[in-house]
Amino acid sequence: MTTDILLEYVDSRGVKLAVDREAGIIKGVKVLGLESKNGRTYPKETAARAVGLYEGSKVNVNHPKGNPGGPRDYQDRIGVLCNVRVEPGDGGLRGDFRFNPKLALAEQLIWDAEHSPENVGFSHNVEARTSRKDGRVIVEEITRVQSVDLVADPATTRGLFEQNETKQRKGKQVEYHELTESELRANRPDLLKSIVESAMAAHAESETEKAKDAKIAALEAEAKALKEEKEVVQRMATIAKELSESKLQESAITDVFKGQLADAKDADARKLLIEDRRKVCGNQTFKPQSKEQNKADGGTVLEVTDAKSFVSAITE
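Take the position in the sequence shown, starting the count at 1, then add 4; the result is the number in our numbering.
Derived by calculation from the structure, the hints in this document are not laboratory data.
Backbone N, C-alpha and C define an ideal beta-carbon position, used for all residues, glycine too.
Some hints here could point you the wrong way.
Once the Cα atoms are required to be at most 30 Å apart in a straight line, the calculated BS3-like pairs of lysine-lysine come out as [what the hints assert, rightly or not]:
hint: 1; residue 1: 219; residue 2: 251
hint: 2; residue 1: 48; residue 2: 62
hint: 3; residue 1: 269; residue 2: 245
hint: 4; residue 1: 245; residue 2: 231
hint: 5; residue 1: 275; residue 2: 262
hint: 6; residue 1: 251; residue 2: 269
hint: 7; residue 1: 216; residue 2: 262
hint: 8; residue 1: 106; residue 2: 62
hint: 9; residue 1: 269; residue 2: 228
hint: 10; residue 1: 283; residue 2: 251
hint: 11; residue 1: 283; residue 2: 245
hint: 12; residue 1: 228; residue 2: 216
hint: 13; residue 1: 269; residue 2: 231
hint: 14; residue 1: 234; residue 2: 219
hint: 15; residue 1: 31; residue 2: 48
hint: 16; residue 1: 197; residue 2: 234
hint: 17; residue 1: 283; residue 2: 228
hint: 18; residue 1: 245; residue 2: 228
hint: 19; residue 1: 48; residue 2: 106
hint: 20; residue 1: 31; residue 2: 62
hint: 21; residue 1: 228; residue 2: 262
hint: 22; residue 1: 214; residue 2: 228
hint: 23; residue 1: 197; residue 2: 228
hint: 24; residue 1: 219; residue 2: 245
hint: 25; residue 1: 231; residue 2: 214
hint: 26; residue 1: 262; residue 2: 245
hint: 27; residue 1: 231; residue 2: 275
hint: 28; residue 1: 106; residue 2: 31
hint: 29; residue 1: 251; residue 2: 228
hint: 30; residue 1: 231; residue 2: 262
hint: 31; residue 1: 69; residue 2: 106
Okay, the calculated beta carbon distance ranges per label pair [what the hints assert, rightly or not]:
hint: 32; residue 1: 221; residue 2: 276; range: 46 to 52 Å
hint: 33; residue 1: 230; residue 2: 53; range: 55 to 61 Å
hint: 34; residue 1: 198; residue 2: 234; range: 49 to 55 Å
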């Protein structure tokens, strides 16, 4: 299924139109038929779902010059479609055309509607999803009605028909998806240049955004690393303070024990580790003393001359 821009031409040949000059209304104009001379089909369901899209559609004089989806000039606006409904029988769409009777073109429009309705026709500028079946294009869904344009002499288009906006290639109609780069280069170098410049600008913008995203990611990673480093320093300072206050003997504070404290989840866990260490290693600090120091402290100096006297000294 593809999405196309369709120009839908339709006239009111063979239809008696009711014209209200004072109100500026032409009633019962043909809005959409179901079969195309170009081999395209609008199922009844497709037409019925499009009623709301056509209701209130602005009607302009002639097609826009250049981009079919571009803005229209104020002087091009002539009226609107209203009271759009499904036509009993064939399932197409009809509606009422409300126009400004004060416009200079209004008199010509009224005369054609009353005397030559085949000259009163619309060209629809719509977006639609299409598919192919048995050599025909099936319009599955009309997704947007861009505008409805009043065109001159639509009867020269052999009545009711629609066509994709095309170019001619050796007398044959060519759809947009069949155009090639070489044809654009030869016939519309300005359009090709615009497409290329737009693509390059979009690419450059994308690369700039990628560079910004990469820089932001790097800064965020650096900030995260600094935060983690600060947390480690603060934790080690806290552990050093806790060890100092614990009065553990220096030999009990090994690198392995420091690592255990660093891995502890919080202060309570570290406190439990320190208390356990105190029980295992004791909390006394032993310093060798001379005989004179021992006497000064009121102690007794034991004379140890051999193994027997040493055992006697430590067991008494």
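Out of the numbered hints, which ones does the structure contradict?
As far as the earlier hints go, 1, 7, 16, 17, 19, 23, 24, 29 and 32 are violated by this structure, in ascending order.
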